[in-house]
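J.: Read off the chains here:
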Amino acid sequence: MSTATVNPDFATAISNYDPVLGFEVHVELSTNSKMFCGCPTDFGAAPNTHVCPTCVGLPGSLPVVNEAAVEATIKIGLALNCDIAEWCRFARKNYFYPDMPKDYQISQYDEPLCSNGYLDVDVVDEAGEHRTVRVEIERVHMEEDTGKLLHTGGDTGRIHGADYSLVDYNRAGVPLIEIVTKTIEGTGALAPEVGKAYVTQLRELVRSLNVSDVRMEQGSLRCDANVSLMPKGASEWGTRTETKNVNSLRSVERAIRSEIIRQAEVLDAGGTITQETRHFHETTGDTTPGREKSDAEDYRYFPEPDLIPIAADPQWVEQLRAALPEAPSLRLGRLQKEWGLSDFDMLAVVSSGAVDVVVATVDAGADQAAARKWWLGELTRIANSEGVELEALAITPTQVARVVALVEDGSLNDKLARKVIEGVLAGEGEPDDVVAARGLAVVSDDGPLIAAIDEAIAANPDVVEKIAGGKPQAAGVIVGSVMKATRGQADAGRVRELLFEKLGVDA
Amino acid sequence: MSATTGAMHLTRRSATELATAIAAGEVTAREVTDEHLARIDAVDGSIHAFLHVDYEGARAQADAVDAKRAAGGPLGPLAGVPVALKDVFTQKGVPTTAGSRILEGWRPPYDSTVVSRLRDADCVILGKTNMDEFAMGSSTEHSGYGPTHNPWDTDRIPGGSGGGSAAAVAAFEAPLAIGTDTGGSIRQPASVTGTVGVKPTYGGVSRFGLIALASSLDQAGPCARSVMDAALLHQALAGHDPKDSTSLDLEVPDVVAAAKRADVRGMRIGLVSQLSGDGYQPGVRQRFDEAVEILTNLGAEPVEVSCPNFEYALAAYYLILPSEASSNLARFDGMRFGIRVGDDGDANVEEVMSATRAAGFGDEVKRRIMLGTYALSSGYYDAYYGQAQKVRTLIARDFDAAFSEVDVLLSPTAPTTAFKLGEKLDDPLAMYLNDVATIPVNLAGNAAMSLPIGLAPEDGLPVGLQIMAPSMADDRLYNVGAALETALRDKWGHLLIEEAPAL
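Protein chains in written order, with this note's numbering: chain A, 23 to 529; chain B, 586 to 1088.
Isolated chain A (complex conformation):
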């Protein structure tokens, strides 16, 4: 939870420079088949089993566009308020690399399917004020994914220096869409939060359309963050870097922050920024240079002659528009109202990426406040320390709802509930199994409690006097010592009830 504290280097950087951001987000579509052939897209199959002549680029093979992918892309474009091209083409991006079966990627170049949209993202500024930042979307286009390389031997894990490399083409040809923002200026110290909020809310949006798993840790949502700095008050942008390997929402924020600090230090020392690709490291939280992206790289784009142009029928586009699900922003507004939350509290749910899990927990019977408490507190803490997203945790909303229910009926207190969660995450079964196996039930037999309360009353006559004198809040001391005596196994609520009963006062 250290990101909450202000890093002095970051504050200095921001006082001297204005950051300019840009994002290229790749989303793997969850269509049944690949972009240009009929091979399945399932994740995790044995290497090179989901392949055919087309997706391994055998001589003579030809691509045919997957209509479901076009539809999914149009939906994303519409949800991002884009214009949908009535006519557009694919283009070939030419470069040699063994993970690219044809040695060119079928992509879109100057004729993207969707363009000129925006996404309004919500952040809270330093003063705790709610702010909406409009992130303009330049384009949303379709392309195909590459294969995966595995470099064996050598010490770099990169292609150079490896003894040999293996290629798995299962992923080659999986439909990808790329969502490119225009440059985002004027965010100042909020730049890292804006970045995180953009990716978070974009993910929610795409997820709501049911066109992708959008799981960062599995690579079905990949974010490249472009960062540059310009001296305060300048109008000309500085040289940008492109940071890859940003594999979680939290990493988006950390990567931007770290890159702003790094660039500021280089510039302060009179250096220049190299235009390059950088890799973010989850463990250290900083970035290191990757492939240098020189301007000399020439992809020789030209219209893909193997594919006819895409001409999306405007009527079809309108049908898709009409059938879009409730926009996440509207849904959030509705939930906020239903749950009666302040902007601040609602934003906390959103920025933790917890909306869906909280909703699911509430649907499973939990109170919204309790559901939020567990997902935003204990579970977020665990997810952060493991570097995964909330959904990736080995506990389901239903299980969380059960824990909440056990707390509510007095079977567990918070401390015990945390242990139950720990057990579920460790694979010990359902919450009730963990309670039984670990013997975590609150002491519910009043006998031992009453004995402990009697001891505590005897030891704290002054407190008893205060309670009797109309200060029930003083009961905390007695309750605390009873809890201590029972090693936390007592139900604090029940202790309080028994105490007041004994003293004959109304709570």
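It cannot be assumed that every hint is accurate.
Claimed, not checked - Using 30 Å as the maximum straight-line C-alpha spacing, the simulated DSS-like pairs for lysine-lysine come out as follows: (1) Lys-395(A) to Lys-506(A); (2) Lys-975(B) to Lys-115(A); (3) Lys-254(A) to Lys-170(A); (4) Lys-1009(B) to Lys-951(B); (5) Lys-828(B) to Lys-115(A); (6) Lys-828(B) to Lys-170(A); (7) Lys-951(B) to Lys-115(A); (8) Lys-677(B) to Lys-951(B); (9) Lys-828(B) to Lys-653(B); (10) Lys-488(A) to Lys-437(A); (11) Lys-488(A) to Lys-506(A); (12) Lys-1009(B) to Lys-170(A).
What the hints assert, rightly or not - Examples of chain B residues lying across from chain A (beta carbon under 7 Å, computed): (13) Ser-861; (14) Ser-962; (15) Tyr-965.
Just so you know, these hints were derived from the structure itself, not from any lab. Glycine residues also receive a C-beta, built at the ideal position from the N, C-alpha and C atoms.
Please arrange chain B on chain A, whose structure you already have, making use of the hints.
T.: The following block gives chain B in isolation, referenced to the frame of chain A:
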């Protein structure tokens, strides 16, 4: 069954006759196949039309046809008729090289749609024919496996890139063959070998499994010795294929009916002024003029037509083709199929790719890859590829304008008869000029045929006439071609190919 049927007899029959004889049980598919295989064994040493003869596969297919017939099953229209396949199509399990050393030893795991259609028609595929490497050339001299020789004069080129297919048909090694035409690779070989070749409308025949040279120009089509035979093969190949996005989902013109009609009365035939004159050999011009006269006598009306932008066709073609080819040929990198050179354990992946391509590609392929890479480069794209695409549009408009006046256009197929092997090998521009009359059709995507119209008096070699029709009006080619062929056959008493010297 028919003991009187000699080898010469069967190999000299048309596809139409063979199909009828096999269907009628006068001869078995196996006999027909064996006779053609024997003919290949006898003459291909001096022609080199084939890169691979699939003896076992062909016999098995023939036996299957005979078994099917014996069982009373329905037979395809070309059941048992042998076909030679240009080595640019994938055929499952059969070596496929596209005439390049870089694909040496590759056996594709899948059938091209053309092969599937041949199987559906119950054809027998004899083997794979020679071609200029990746279909780049007009002489077959750029094959990585040595040139093919013209059956009319084995010191001369059989045309290209489909010289192997044309020569196989002209040398009676196969009654039918499949070619591909990117800038004239079916028509120019037909022209110089005295055979019939058709480039269908772009999108008329599936490109799936056709190793791409230039995707927006490539089109597969039939090679035969007569217009009707070509029509039968055309009919078998054509039609929409969902595996090829550029395949047209339209009704296939009835080319067989058109070949039967053979009636040009009242038709307007356009003579393209840009495709005549100085660059054309006198004997070619003479035979062309005679052919126009015959058609006029048959009731067609000749009209002079101007297509001013054809002048830029060759230049545009030599930007678009290399551009697409440079990208299409990128996948030949030694990683997944074909040869791999330089993988000594120390070389990195770029070095292996580079060494493989340096060793596997011939000079003409390298030349065009370099041209295309340059033309697509950032900063040059607009001036080269972009401009060439504009020219392409203008050429299509020239065709549109012409076809609003006339039903078909005519020109000589090639400026000259077959030249000598080696004559233009060191002069790429002279070689490229051979396709000046055939290229406009590829750029515009419409249909064209070449058919023999006689021998040039000065060298005794075949001359071809090109008929051009609008897109999806391929039937007009067959109507006009059959009318002319019939008139010429009446005049000569036989098809021109019968005059080819014995091998």
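J.: Indicate, hint by hint, whether the structure satisfies it.
T.: Cross-check of the supplied hints:
1. Lys-395(A) to Lys-506(A): 24 Å, holds
2. Lys-975(B) to Lys-115(A): 22 Å, holds
3. Lys-254(A) to Lys-170(A): Violated: Lys-254(A) and Lys-170(A) sit about 42 Å apart, past 30 Å.
4. Lys-1009(B) to Lys-951(B): 18 Å, holds
5. Lys-828(B) to Lys-115(A): Holds. Lys-828(B) to Lys-115(A) sits at ~22 Å (cutoff 30 Å).
6. Lys-828(B) to Lys-170(A): This hinted pair holds, its Cα atoms lying about 26 Å apart.
7. Lys-951(B) to Lys-115(A): 20 Å, holds
8. Lys-677(B) to Lys-951(B): Holds, because 28 Å separates the two Cα atoms, which is no more than 30 Å.
9. Lys-828(B) to Lys-653(B): 28 Å, holds
10. Lys-488(A) to Lys-437(A): This hinted pair holds, its Cα atoms lying about 28 Å apart.
11. Lys-488(A) to Lys-506(A): It holds: about 21 Å lies between the C-alpha atoms, which stays within 30 Å.
12. Lys-1009(B) to Lys-170(A): 46 Å, violated
13. Ser-861: Constraint on Ser-861(B) not satisfied, violated at 31 Å.
14. Ser-962: 6 Å, holds
15. Tyr-965: 10 Å, violated
Consistency note: the structure conflicts with the earlier hints numbered 3, 12, 13, 15.
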